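Engineer: For chain E, the structure is supplied; the task is to place chain R on it using the hints.
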Amino acid sequence: MQLQQLAQVIRSKNAGPRRLTLDVMFASDGDYRQAAQSPALSPARIAALYRVAPENVAVMPYPLGRAIKITLARPIMSGDPGDRDVYGAQQHTPLLEIEL
Amino acid sequence: MSASGRVLEELRRHPRPIRLLGASGQLGYGIPTPAFTGGLARQPDLIGCDMGSIDIGPAYLGSGEMATAPAATRRDLRKALLGARQLDIPLVIGSAGSAGAAPHLEATLAILRDIARAEGLTFRMGVLRADISRALLKDALRSGKIVGLDGMPALTEDEVDAASHIVGQMGTQPFRRALAADIDVLVAGRACDTAIFAALPTMLDFPTGLAMHMAKIIECASLCCVPGGRDSILATLDHDGFDLESMAPQRSATPVSVAAHSLYEQADPYTVQEPEGRLDLAAATYRAIDDRRTRVSGARWLPSTDPAIKLEGARSIGERAILLAGAADPRFIAQHRNILPAVADVVRELVCEDTPQDYTLSFRVYGVDGVRMAAPEQEAPPGEVFVLGEVIAPSRERAAEVMRTTKQYLLHHGYAGRLATAGNLAFPFTPPEISTGPAWRFNVFHLLRTADPDALFPLEVETVRG
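Residue numbers (my numbering), protein chains in the order written: chain E, 1 to 100; chain R, 1 to 466.
Okay, chain E solo, but in the shape it has when bound (with noise of 0.2 Å):
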């Protein structure tokens, strides 16, 4: 199943301008669950999918909310030459189709 099919909200945005952060929330326990257990959205994925490096990206799970953070450093900082996503808000294409 892919992560598109299975969350509610996928979404990025700035945290800051030099960290991109990333929220994956869902509609119900089950359904975080099974995401938080899947070794796909594990930092090395997300690094590989980003083309980041590793110890760049953090992966927290946030039950309280039903989600999954992911936070990584950005490649060019907000604004930059050579931006191209002020805001952030347009990096989750690349979560939509991973394969949980």
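I should point out that these hints are in silico values taken from the structure, not numbers from a laboratory.
Bear in mind the structure is a predicted one, so any value in this text is a computation, not a measurement.
One should not assume that every hint holds.
So, partial list: chain R residues that the calculated Cβ filter (under 8 Å) puts toward chain E [what the hints assert, rightly or not]:
id: 1; residue: Ile54
id: 2; residue: Pro58
id: 3; residue: Ala67
id: 4; residue: Asp150
id: 5; residue: Gly151
id: 6; residue: Val256
id: 7; residue: Glu265
id: 8; residue: Asp268
id: 9; residue: Thr360
id: 10; residue: Met373
id: 11; residue: Ile392
id: 12; residue: Arg441
id: 13; residue: Phe442
id: 14; residue: Phe445
Quick list of the computed label-pair ranges, beta carbon to beta carbon [to be verified]:
id: 15; chain 1: R; residue 1: Arg142; chain 2: E; residue 2: Met1; range: 56 to 64 Å
id: 16; chain 1: E; residue 1: Ala44; chain 2: R; residue 2: Ala135; range: 42 to 50 Å
id: 17; chain 1: R; residue 1: Glu384; chain 2: E; residue 2: Pro63; range: 39 to 47 Å
id: 18; chain 1: R; residue 1: Ile322; chain 2: E; residue 2: Ala44; range: 37 to 45 Å
id: 19; chain 1: R; residue 1: Arg418; chain 2: E; residue 2: Glu97; range: 31 to 39 Å
id: 20; chain 1: E; residue 1: Glu97; chain 2: R; residue 2: Ala416; range: 30 to 38 Å
The beta-carbon is built from N, C-alpha and C at its ideal position, and this holds for glycine as well.
Structural biologist: Using the frame of chain E, we list chain R on its own:
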């Protein structure tokens, strides 16, 4: 007595839960009237509005311009000011004018004074400035008290001089100092959004952890609800927790929606770092009161022994000109990765004939990889692409020269297998090259360690006469 003095005295004399109205998380983009009016009817003790963020990029901090339209900003400020004066409660505005530096603060104050004149309002206004002096920063640099945030390179004295504005993000203590000065309206430059709502309750000895957690949620108005939105939200804080209720009947604050809000624009859902300490949400609990209201408790506050202020600064890096063009020819699209650098070479030979290269020229190809930071290398080619050309050069004239030359040579560049020899680009209008003014970048995003962060943010109090 002014509003802050009156509310503090009332609550000290007759302790009870305190009610705070989060009117807007982005003042200047519209405050929906029905929910705001509904909030006023609940007799809040304070109205708070956040006006700014670093998420909008470096241009506003650099240029001194507001991100919001003047007319919309005025409409929102008028609504909030009239509401607060009607109830005689403090109005607290943080990160004035989008980026919270001197020009943003002055523009916000000018609008407020103008509204006061038009409405015949007289009130005491506290103003907290957030600009940090270059001399202080250079001293701090030399004594090693400034460190980069999230991998930001070390700050230099040259960068301090190059920044057009440098602000510190003040915490709650300056807000407490201002509210203690018996004022009706508080306008702060760059500030933590929590300070707007946490200052007054912590002056009344409500637990700091709860006040900070509440503030962190209601500074975004009803964004913590399902469906989330910008309608006003009411928080009622006591010594054991706080209740959240959107003032828009269609929005519900549910335990999951409120808990999930801790994720928003935060790197870590369990921790909020503030200048004066750290908010720990690991033990926070969220309980439904009914289907529209949630009660929150459990947040802990850990005061810092090593206070630090976040610094933000932006500098100009030249003048920008852009090119807007589309293309639909499949041969052009298939070869664009070769065509664009080839055109850049041709342009360089022409415009640098008698001078060294003093500009950067880049392209974003929408439909291919214009948006994604890590687009897959193998994808089916799109039927159309949009080409955004960008030049950053030392002067407006130079940027325009490079962009116009680029436009012409990209339009007519001959590439292998070309059939469409009359032109490679579709322009949506002319001129397709536009000078957009200075380009900015954040060159300060650092922490300043200081034993006395409160002293960085001076307070002025003025009587505004209508």
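Engineer: All the hints need checking, so say for each whether the structure fits it.
Structural biologist: Hint by hint, here is what the structure shows:
1. For Ile54 of chain R, the interface hint holds, since its Cβ comes within 8 Å of a Cβ in chain E; the closest pair sits about 6 Å apart.
2. The restraint placing Pro58 of chain R at the interface with chain E holds, with a minimum CB-CB distance near 4 Å, inside the 8 Å limit.
3. With a cut of 8 Å, the hint placing Ala67 of chain R at the interface with chain E is violated, because the nearest CB-to-CB distance is about 12 Å.
4. Interface hint at Asp150 of chain R: satisfied, since its Cβ lies 4 Å from the closest Cβ of chain E, which is below the 8 Å cut-off.
5. For Gly151 of chain R, the interface hint holds, since its Cβ comes within 8 Å of a Cβ in chain E; the closest pair sits about 6 Å apart.
6. Annotation: Val256 of chain R was flagged as interfacial toward chain E, and the flag holds, the nearest CB pair being 6 Å apart, inside 8 Å.
7. Interface restraint check for Glu265 of chain R: the shortest CB-CB distance to chain E comes to about 5 Å, inside 8 Å, so the restraint holds.
8. For Asp268 of chain R, the suggested interface contact is upheld, since its CB lies about 7 Å from the closest CB of chain E, less than 8 Å.
9. For Thr360 of chain R, the suggested interface contact is upheld, since its CB lies about 6 Å from the closest CB of chain E, less than 8 Å.
10. For Met373 of chain R, the shortest C-beta to C-beta distance to chain E is roughly 6 Å, which falls under 8 Å, so the interface hint holds.
11. The beta carbon of Ile392 of chain R is positioned within 8 Å of a beta carbon in chain E (closest approach about 6 Å), and the interface hint is therefore held.
12. Because the beta carbon of Arg441 of chain R sits about 5 Å from the nearest beta carbon in chain E, less than 8 Å, this interface hint is met.
13. Here the hint on Phe442 of chain R is kept, as its CB sits about 5 Å from the closest CB of chain E, short of 8 Å.
14. The closest approach between the C-beta of Phe445 of chain R and any C-beta of chain E is roughly 6 Å, which is under the 8 Å cut-off, so the hint is satisfied.
15. Between Arg142 of chain R and Met1 of chain E the beta carbon distance is about 57 Å. The supplied range of 56 to 64 Å therefore holds.
16. Judged by the Cβ atoms, the range 42 to 50 Å given for Ala44 of chain E and Ala135 of chain R holds: they are separated by roughly 47 Å.
17. Take Glu384 of chain R and Pro63 of chain E: their Cβ atoms lie about 44 Å apart, and the range 39 to 47 Å holds.
18. Ile322 of chain R and Ala44 of chain E have their C-beta atoms about 38 Å apart, which keeps the hinted 37 to 45 Å range intact.
19. About 35 Å separates the C-beta atoms of Arg418 of chain R and Glu97 of chain E, a value consistent with the hinted range of 31 to 39 Å.
20. Between Glu97 of chain E and Ala416 of chain R, the C-beta spacing of about 34 Å keeps the proposed range 30 to 38 Å intact.
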